[in-house]
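Q: What follows is the residue order along each chain.
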Amino acid sequence: MTERGTMETLLALEDVTFSAGSVSILKPVSLDLVRGRMTGIIGPNGSGKSSLVRLVARQQKPTSGTIRLDGRPLDGFGERELARRIAYMPQFTPPAEGMTVRELVALGRFPWHGALGRFSGVDAEKVETALERTELMRFADRLVDSLSGGERQRAWLAMMLAQDASCLILDEPTSALDIAHQADMLALVRDLTRERDLAALVVLHDINMAARYCDELVALKDGRIVARGAPDAIVVPETLAALYGLPMGIIPHPATGQPLSYVA
Amino acid sequence: MKGQRILLPWAGLGLLAAMLFAMELRAAWPQGDDALQWIILQNAVLPRAVVAILAGAALGLAGLLLQRVLRNALAEPSTLGISAGAQLAMATATLYAPALMGWSVGFVAFAGGIAAVAIILALTWRRGLEPVSVVLAGMMVALTANAASAALILANGDYLFSLFIWGGGSLVQQSWDPAIAIGSRLAIGLAAAILLLRPLGILGLDDASARSLGVALHASRFAIVALAVWIATTVAAEVGIIGFVGLAAPALATLSGARTLRQRIVAAPLIGAILLWVTDGLVQLASGAGGERLPTGAATALLGGPLLLWILPRLRMMEWPSLTTPMAASRRAARPVAMLLVTLVALIFAMVVALFAGSGPYGWTIATGDLLADLSQWRIPRIVVAAAAGAMLAAAGVMVQRLTGNPLASPEVLGVGTGAGAGLTAVLLINATAGLFWQIAGAAAGALGALLLILGVAARGKFGPERLLLGGVAIGAAASAIITAVVAMGTTTSYTLLTWLTGSTAQADATQAFTALTLMAVLITPALLTVRWLDILPLGGETAKSLGVPLIRARFLVVLLAALMTASAAMFVGPLSFIGLIAPHLARLLGLGRARDHLIGAVLLGAALMVVSDWLARMVAFPYQLPVGLFASLIGGPYLVYLLSRGAHQRG
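Those sequence lines, one after another, are chains A and B.
Position one of the first sequence corresponds to residue -6 (the numbering used here), numbered consecutively onward.
Position one of the second sequence corresponds to residue 39 (the numbering used here), numbered consecutively onward.
The set of hints was computed from the structure by calculation and includes no laboratory data.
A quick note: this is a predicted structure, and the numbers were derived from the prediction, not measured.
Every residue gets a Cβ at the ideal spot worked out from N, C-alpha and C, and that includes glycine.
Don't take each hint at face value.
Said to hold, decoys possible - A few chain A residues that face chain B, going by a derived Cβ cut-off under 7 Å, partial list only:
| no. | residue |
| --- | --- |
| 1 | Gly91 |
| 2 | Phe103 |
| 3 | Gly114 |
Unchecked claim - For the chain A half of the interface with chain B, some residues (derived, Cβ under 8 Å), not all of them:
| no. | residue |
| --- | --- |
| 4 | Thr93 |
| 5 | Glu96 |
| 6 | Ala180 |
| 7 | Ala226 |
| 8 | Val229 |
So here's chain B without its partners, still in its complex pose (with noise of 0.2 Å):
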């Protein structure tokens, strides 16, 4: 029977998560009459394995909920950045009320998970909850929100550095308490869920069919939400955060056959806990006893991306009609090139201010004669890092946006950016005080794997928008996992890499703005040849392919650049920045519609933003500094909420 064939990998798995507890157990088994052991084995080994059973329930039935009322199958609790927001509203609640944690760090969470949820689904609201852009918007704002974890780390020292370890996701126990607290809401879960079965199913539907048949559509939609985000935050705040499980179990529930609505709310929580089960048995097979290196959750987010990549093409996902849904029209400029000079002006004015103007001790100077002469080997090597590398995040934003026909696309969604700081990773392990060749080199490296495994994922698709981005998603949450891992274990190389997250140009020196100004150089000026084929790639592929664009080939050359670019950016500003989504929309809106002007105007317009965040984050604060990408993604926020609200108006 064909039920049989599906079931029997499942029962598999199961026993071997069950076979994996049998050796922890008859590890922890008492010798004799050994009080401590048998502690060890009540309080400890026992509640660990039941909590990886209900978070991994947990995670299945929050994902499928997710997944069931915005209509997308990528929808989880990490990818909507519902764990991100969660932890970046403990971190704060710690630092800053104490007390609101002493009452309840489950409501804690809840609030972060909520103002991440309903930030994306404000984004997104006027593109219809179109899948594509709702990961999008999830991605920035999970980036964003563990950029500010990071940031609040990095400057409290070792007081938080406890959060991120549980931002990885540890199973670790102590007592029964997690498990009861997890088990309750997932038993709440699943009553309201099978009471809601109804108008779940309705709202797999689309709006207008859910409101003709008389759901009340966003009450309802609403309420899932909400609840399933409760779900969600309660075992962030329990365990901390694990990623993919709540992706991964609805959609193994659907490829394993579930197909009706019923039948997927049994699967998906069973496939769930069988899935973090087995994880975590082998994650405690390979640290050995007493060894807690690697968190769960970040091995369920290793293991997770490759089969997120794995799962995309077998969903049939993107029926959704609104991919290339436009932005508002923009206007034209009369004359592109003045309006290039205006840019340009605007770049070399900003770079006269951030070279003389700072605050210092005695308030506000603007430096001349030795004191210039002083000041200027700092400050010029960070000028020059920051405008290239804002050049270099902007060209590629104009070429993953034009390829794509996405305007929520930015460089960021490409996984390079995270690729890199993977390969930083590998390096600072092997070597904590690896010289800057080094860091460098492997921060080259990881990108390069990543650029090559996008390649490879996107070629499958003929370098399609949809898998370019859910692809570089993908790797992005893997690459950000290893890092997570890494970070969680609190040695030096943690703060090295705490700090390249959030983006920093204090150490630039003038071999680095050699190096960044050589690669702007080396890729921006190949970008410039590719402007015919940015001018018909947003027309999509048919188009493309009966004007005679080479396609493939096209599609392959402009990927290849912009991931270059990024990661080279990456290097040098961390792997956010919001300048390589921002700089492209501001070049639009300055009516520099054609490619050439568009890439031109967004290159002098990045630099001179990234300029711009550089000394503002030198100087806001001074005498501390702080992070540029972090800073510059703070400015670019609330620009892409606003960009976003003004939304797309509909095409008559």
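For reference, chain A alone in the conformation it holds in the complex (with noise of 0.2 Å):
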């Protein structure tokens, strides 16, 4: 499953830190991002995965450490100019009051034309073509605020999808979605992934979730990466135990033979 992509690393975090005041909320952290792959990180509440995320979409500056998007420091960027690498959903989508679904998704053309540039074709096929990549057409002309959870989740993700990114990053995505939705989004990212030749970072709480779409899996407790591997390698009781505090075991998938855990 390592053959796919082109698994050039794309961001690279180096010792990151990030204190809140006194608390030290990630002890240094090491990891790094290949294109074509989707990451999920999981952990327990509190365990510094959605600081993780936010410092990789620059929404916080680490404490210490360094964070490189092609081997530049995150910092030396622009604004602009990042939003044009990275894109960032965050874990509770804002209420898009009046707006409709194309504009919201038009938003995502921004790091491109800026304040005052002129949307040009370009800027408009690229809506389009997120539209009906998230099989959003039929609802491009309806207000966001009156979709259903999921659809209005597509609705970001095309947003993400029209800013042209080439590292998408999902704070818990599915949290507020029922199961057939949560699958459709995960699997809508995975395919994503796959053909943009994309990184994609996504927090999770599921674990079987997790275990079933992503590529890898990065295991977070009290701010350090305690195990990171494929599902296969990280879905085993002792690992789950350690995380969580619970003992847990596993079967295999019927169809696929995945690890699916639950609570012993």
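Once you've looked at the hints, go ahead and assemble the two chains, each given alone in its own frame, into the complex.
A: Structure below.
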């Protein structure tokens, strides 16, 4: 499963730490993200998952350490320059009051045309492609707020696609969705990483969902990476027990053979 | 010990207050057998100190109760419009029902106060009494009540001036009656608060938890609010408006380490008493013997504004989840450009009617020929000034609402309008007959000062919505205090300021019209260049950042432009109008959703609304002219009620 994509390192975290006041949230963390691969971050509440992805999206600055994008420190990027490379979906997407789906998706072109530039034919084309790829065409002129939770989440993903970034960062994109929409959303993200040779970093709570769709899992506990690797290597009783402090068992998926965890 | 370190400053302040009091005593102590001096000592000096202590304690308690039941660290008698409501009720009663005032001043004040709170609670009920909205609604109610009081005073001349002096919150005493009234209410309030300790504790939780713990939620909440209003309006009726003590005392009690409710019920009144006693001591020291220029209430507001700014970042109050609760989703216009043309036609129609139609000594007339030529030199400048001011307020409103993502935000909340008033006050204080140029220059300087302050405050919070809104309210309150203090002097300056407060275009001339037009052109053009930011900013800082918007720079520029437009408009039509709040909503109701259409539509509608308001203000009570600012807010207030009562629908 490692033969896919160009496998070139896109993002690299080197000994990154983060503290809020005197509370240390991330102990030195090193990690690299590779194109064509979807990386899932799992871990108990308060383990620093959200902080980690927020640092990568430059929503917050690390307390120490460097994050490099294509070998360049993240600090050196201009705002729009970075937004053309990294797209980020926060854990709670804000209400897009009075905005249609197409308008929301079109905001993804801001990094390209800026505050005063013309909204060009290329921009319009990218918006249409993103709408088509996320199967939102028939909702394009509906108000975002009138959509169901799953469709709304897809509209935000479409905005990220229109952004044409090489790295997608999603903070718990499935937390408010039912199981069918969770599966839809994650399958879509996985397919996109392959089609467009993107690096994706996704925070997930559900280990089984994470194991099912991610190429690689990173397990965080108390601000440290305690395990990292392919899902079969991470979703084992010992690792999960250490991660959640709860005895857990594993059975193979009847069809795919992927590991499924349960509380023992 | 930590406890001692925290108690020490209060002990020190108490000692300072006592020393100031000792100095007053020494100054007033009778020489030999002077009977008059004895009377002054017994009936003026001593009761004044007692009233300061009791009123401070009462306000501290009222503030604590309100903050607790509304779960809002910024609730207090003046931010909730209770004091302003009481003042308006007393002004109205003095004019139209003097018997009622003779019967019970306290009752009239209570009725006004409770009405103000009822309006605010009704306005924000659907938004779950979310703190920022409650404070914004409170400020709107207070501003409107103040403008209405000012208009009553203007219309009735000297008769009501004493009331405005009272409005400044002077602690000068002639007898022990106020002390007894406030003291008895305070005692009842404290006893009730101690009895209600348990429900009060639970009311600090969220509604669902409180209800599941078996508290009769609304009944106990309303009972406690009514109790707090009763205590606060008693103070208002006896000594006038004293701002910020009710806000600062509970906050300082918490910051000083009073953790449990029981500790706070003791600490907040004590701290309130010390604060007001010290302030009053300092006011007396500053005014010298006999001089009574600065009312103590104005002084507390003057000290309180900065205090509020200092407290804000130290309070945990922003955990309320629904700051961005949306208004009901609006439909979208199929062809926005056509809709913009309709609003343009509406504006032109309003201007034409305002120019030609008028009510004269012989009934309604359509002016033509020579009459029109005569009248246009009066009417055209007014129309131009009104339109330009309305356009700027509307543009500022769109920008502030989009920046903060709060549909209740309006240019008034930036505090620059009242800042302009404070500047105007300063100029008039130096020279009561200063010309228009100096008046405008003073207003501009005041607005700029307020603007720099709000930018400084907001910058520390990275121009985030909450800091901006609450900082603006604080600056506005401090500036209002300066204006009130000077108006309370009762000189010719007061009339100029009152006229400005109610917002009048009656003196508009060609120079003013030209200035207004130029300002509008210079400020709205750059505003149009920010529409792409304005599309993204309502989605919040995170989204804006991940889309590559230079967040701090964008917010800074938007705030700067909005503030400049507000200040410019305030110079012509006074500090309040609601146009900046309403025009953006109307544009949205017409289906103008994208920032560009929204901005242009609101500008056209704002101009039209202001022209209509001005025309109506000129016509309704002909030959008398009503102030346009007040008139616009009388139109705007009910609309606001309607808007909010439709409320936010729950998101699925």
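Q: Does each hint hold? Answer for all of them.
A: We went through each hint and held it up to the structure:
1. Look at Gly91 of chain A: its Cβ gets to within about 4 Å of chain B, closer than 7 Å, so that hint holds up.
2. This hint holds: Phe103 of chain A has a C-beta 5 Å from the nearest C-beta of chain B, less than the 7 Å allowed.
3. For Gly114 of chain A, the suggested interface contact is broken, since its CB lies about 18 Å from the closest CB of chain B, more than 7 Å.
4. Annotation: Thr93 of chain A was flagged as interfacial toward chain B, and the flag holds, the nearest CB pair being 7 Å apart, inside 8 Å.
5. Of the supplied interface hints, the one on Glu96 of chain A holds, with its beta-carbon coming within about 6 Å of a beta-carbon of chain B, less than 8 Å.
6. A least Cβ separation of about 23 Å between Ala180 of chain A and chain B goes past the 8 Å threshold, and the interface hint is therefore violated.
7. Because the beta carbon of Ala226 of chain A sits about 32 Å from the nearest beta carbon in chain B, more than 8 Å, this interface hint is broken.
8. Of the supplied interface hints, the one on Val229 of chain A is violated, with its beta-carbon coming no nearer than about 35 Å to a beta-carbon of chain B, more than 8 Å.
Taken one by one, the earlier hints fail for this structure at numbers 3, 6, 7 and 8, listed in ascending order.
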